[in-house]
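Chemist: Take a look at the letters that make up each chain.
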Amino acid sequence: MTTMQTPNGFSLDSGGRRVVVDPVTRIEGHLRLEVNVDDDNVIRNAVSTGTMWRGLELILKGRDPRDAWAFTQRICGVCTGTHALTSVRAVEDALGIAIPRNANIIRNIMQLTLYVQDHLVHFYHLHALDWVDVVSALKADPKATSALAQSISPWPLSSPGYFRDIQGRLARFVESGQLGPFRNAYWGHAAYRLPPEANLMAVAHYLEALDFQKEIVKIHTVFGGKNPHPNWLVGGVPCAVNLEGVGAVGAVNMERLNLVASIIDQSVAFIDQVYIPDLLAIAGFYKDWLHGGGLSSKSLLSYGDMPARANDHSADSLMLPRGAIIDGDLSTVHEVDLKDPEQIQEFVAHSWYAYDDDAQGLHPFDGVTEPHFALGPNTRGDPGTRIDALDESAKYSWLKAPRWRGHAMEVGPLARFVIGYAQGKPEFKEPVEAALRHLDVPVAALFSSLGRTAARGLECQWAAYRLRESFDDLVANLKAGDLSTANTDLWEPTTWPKTARGAGFSEAPRGALGHWVEIERGRIRNYQCVVPTTWNGSPRDPAGAIGAFEAALLDTPLADPEKPLEVLRTIHSFDPCLACSTHVMSVDGQEKARVVVR
Amino acid sequence: MTDRPLSMEADTPPGAPGRTLVLGIGNILWADEGFGVRAVETLHRDYAFPDDAVTVMDGGTQGLYLVQDVRAADNLLVFDAIDCGREPGALMVVRGDEVPRFRGCRALSLHQTGFQDVLSAADLLGGAPTRLTLIGVQAGDLETWGGSLTGAVRARLDEAVRLALAELAAWGVASTRRAVPLRGPSQALVGHGIDLASYEAVPRPLADPAEGGG
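One line per chain: the protein sequences are A and B, in this order. Okay, so the first sequence: first residue is 1057 according to my numbering, each after it adds one. Okay, so the second sequence: first residue is 152 according to my numbering, each after it adds one.
Just to be clear, a hint being listed does not mean it is correct.
[Stated by the list, open to error] Pair by pair, the computed Cβ-Cβ distance ranges are:
1. 235(B) / 1296(A): 42 to 48 Å
2. 352(B) / 1433(A): 28 to 34 Å
3. 1535(A) / 352(B): 41 to 47 Å
[Said to hold, decoys possible] What the simulated footprint calls covered on chain B by chain A, stretch by stretch (three residues with Cβ under 8 Å from a Cβ of chain A suffice, anywhere in the stretch; the number is not a length):
4. 177 to 185
5. 206 to 217
6. 340 to 351
[Stated by the list, open to error] Heads up, incomplete: computed chain A residues facing chain B, CB under 7 Å, no partners named:
7. 1115
8. 1119
9. 1123
10. 1284
In short, the hints are calculated from the structure, not lab data. Bear in mind the structure is a predicted one, so any value in this text is a computation, not a measurement. We put the beta carbon where it would ideally sit given N, CA and C, even for glycine.
Please construct the entire structure, taking both the sequences and the accompanying hints into account.
Modeler: And the structure:
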C-alpha cells in the first residue's frame, strides 16, 4: 500500500518517483530530504533525515555546570549565544540563582542583537538565493534598477552608477569562475520570478548586508568582552560597568554605550529602509506561490523569551510570546511548561536510537541518548556506500521526534508571530496585518514558506526596536545608580544542594530551544538539549504523525524534479540548523548537493 | 546624492606590515577538527605581539561571520585541520592563490560555509588580504564527537606555531616569547573549561554509534 493518512491530517503517497537531495546546502549541518512526486511532479510524500549522530549532551557529563555554556556555545557556528544563554538559565534554575536587573537587560540586548544579525544574514545570505536569481542580475538595466529602488525606499545607495558598479563587480566575480557563495544554486530556473532589475537590487543589498552585519556584532563585543564567542556568566553577565571610565577595554563606559546606541540606530535604518522594502518587493512577485505551510496552520510552539522583569519567566513577563496552538484553533493559546513531564517528550520509533520501549516518549529530564543505527527492509541501494532511498517505515533519522502533548509542532518566527497574533498583542498583530494589506493577500497566505520568511523579517524589525527600548532601560537603570551585573552569592559549589535539576529556555532565532540539566555533587550528571531543528526536522512518531519539514513539502509542484529549487526554498524558510541537533555519521567531502531522481 | 563605498578600512602607513590576523578555525568538540583553535590557543599562551595591529583569534566555526575580520586584515595566517590523505599529523604550508584553490583536499571545514567561501566573499566585497598563508595539519580523526586532538596531531602544535612565527617574521611581524605562559580562564584565549587541558581532564563518556553509511 502506498497511500496513508497521518494522525495529524496529511495524506501521503509513497508511489511515483523518489527525488533525493543530500546534503541540503546553505544550512549549518547535514540534512537529507527524499520526496515522492506524482506524474504531475507534485510532492506527495516527504522524508526528512538528519544524517549526523546527535550526542552533544553527553560531552557535558562530569563537567562543572558553570562552564556548560562555553561547551554548548561550541556546538554550532550560528546560534552560539543562544545556547550559552539557555545553558546559564538552566543552571540558575537548578540552583535557584536570581540575576540582577542589569544582567537581565544586558542578556536581552545580547539576544535581540543576535536576532537582528541572524535574521538579516539568513534572509540575504542563506535564503534570498532561493527567490533571487543572481546571474539574471547581469542582464539588468542599472537605470531601471535605480528607479525601482527609489520607488520602494528612501535608502540613499540607489543611483544608476551605484548599481552599474555592483553589476560590474558581480560580472568580474562570475567571469573569474569562483562563484564562491553563489555556487550550488539553480540559476536560470523556471521557478525564479523576479525581473533582472529586482535581482540586481537584491544582489546589491546582499553585499551591503554582509558588510553591515559586522557592525551589529560589536554590541556582543561590548557586553561579552569579545566576539566571536562572547563570555557568559552563571548569576549575571561578565561585564563590569563604570560610566566615568574611558577607552575600549575594561569596564563598560559611556563611550561604549554611545557606540551601542549608534549601532542600534543604524540597524533600525537598515531594516526599515532595506530589509523590509526588499522583503515586500520580492514577496509581491511570489504572492501566488503560497506552498510550504505544513504544520503552520495547525500546531505551533514557542517557549517565549526576553523577560521584561528579571527572574520572572512567566508568560506575562516575556516580550516574545510563550504558548502552544494545536489543530489550528487560534482561539486557545495553551500554557507551556518545560518541566511538566506530560508536555515535552521525545520519541525514537523512527530515529536511530533505542529506548527500553520505543513506543513511549521520554521527557528530557529522563532523556536517554543510546544510538542504534539500523536500516529498514525497504531501503534501496547499498547501505555501505550509497543509499538510494531510505525506508521511512523503519528508523530513518539521527533526529529524535519531540512532541508537545503528543503533537508535532512547528517552531520559529512564524510560530511566535501567530501565537502573538492569537493573543491579540498589537506589536505582532499590526505589522502582520499591514504586510498582508500591502501585498493584498488574505490571512491564510501567512501559512506558507513566504509567510515564514515574512515573519522573520517582521521579527527582525521588532527586535531592532526592542533593542532600542532595552538599551534605554539599561542606561536609565545605570544612571539611577544601580551598577550591579552579577549575583555571586551561590557561585561556590559548597553552597549548592547535593543534587539539583533545572530547565533553561530560550527562543533561538530559528525556534524554541530547551536545555535540561541535572547536577550532582557540583558536577553535571545529565544534560539534554531539544533544539529548534529537532522540532521542525523531526521524523515520524510512533503514531505516524509527520514533522514540520515533511508536512511543509507536501503538495508543492516542482518545475523540474532534477533541480528541486522549491524544496530548498521551503526548507530554507525554516532557517534550519542541524549542527547542534545531529552529529556526523559519514564525512562527505562533496559540498555540492546530490540530486537523484528515481 | 553620494554613494558610500562598501569598504572603509583605514590605510596603513608605508613600510609597516599592516594589519595581521592569525586565525584558528574548526570545532574543538570534534577531535582533530579542533586543531586550528588549539594552535592559536598555544600561540597565544607562549607568544606576544608588540604591534597592536596583530590579532590572534579563535574563529571556531563562525564561517561567513568571519568575513569582516578577514577583510580587515592585510595579512592573514590561518590554522586549520585538512584531509589530504597524508600521514596524520603531517604539516602543510600553503600560500596565496594556492589556498582558495586547495582543492586536492576535502573542504577545509566540515561546515557548509567553508573557509574558501569566506575568502570569496571577502574578494567580492573588496578588501581580501594581500598576504595569505594556511598552516594545515593532516587530521587523523575528524569524526569522534566529544574527542580531543589525536596524539599525532597534538604532537605537532608547537611546530605549527614555529612555522607560523617564521611566516609572520617574513612578513615583518615581530613576536616575543612570553616569560611566563598565559594560563587560566582570565588569560587564556580559550577558557571556561574548554581550554585544552581542562577539556581533556574529563574523559569522553561514550562509545561511538554503530558503523553505518548513508
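Chemist: Evaluate each hint against the coordinates.
Modeler: Hint check:
no. : hint                         : in the structure
1   : 235(B) / 1296(A): 42 to 48 Å : 47 Å, holds
2   : 352(B) / 1433(A): 28 to 34 Å : 45 Å, violated
3   : 1535(A) / 352(B): 41 to 47 Å : 44 Å, holds
4   : 177 to 185                   : holds (count 4)
5   : 206 to 217                   : holds (count 10)
6   : 340 to 351                   : holds (count 5)
7   : 1115                         : 4 Å, holds
8   : 1119                         : 6 Å, holds
9   : 1123                         : 3 Å, holds
10  : 1284                         : 5 Å, holds
The structure shown violates just one earlier hint, number 2.
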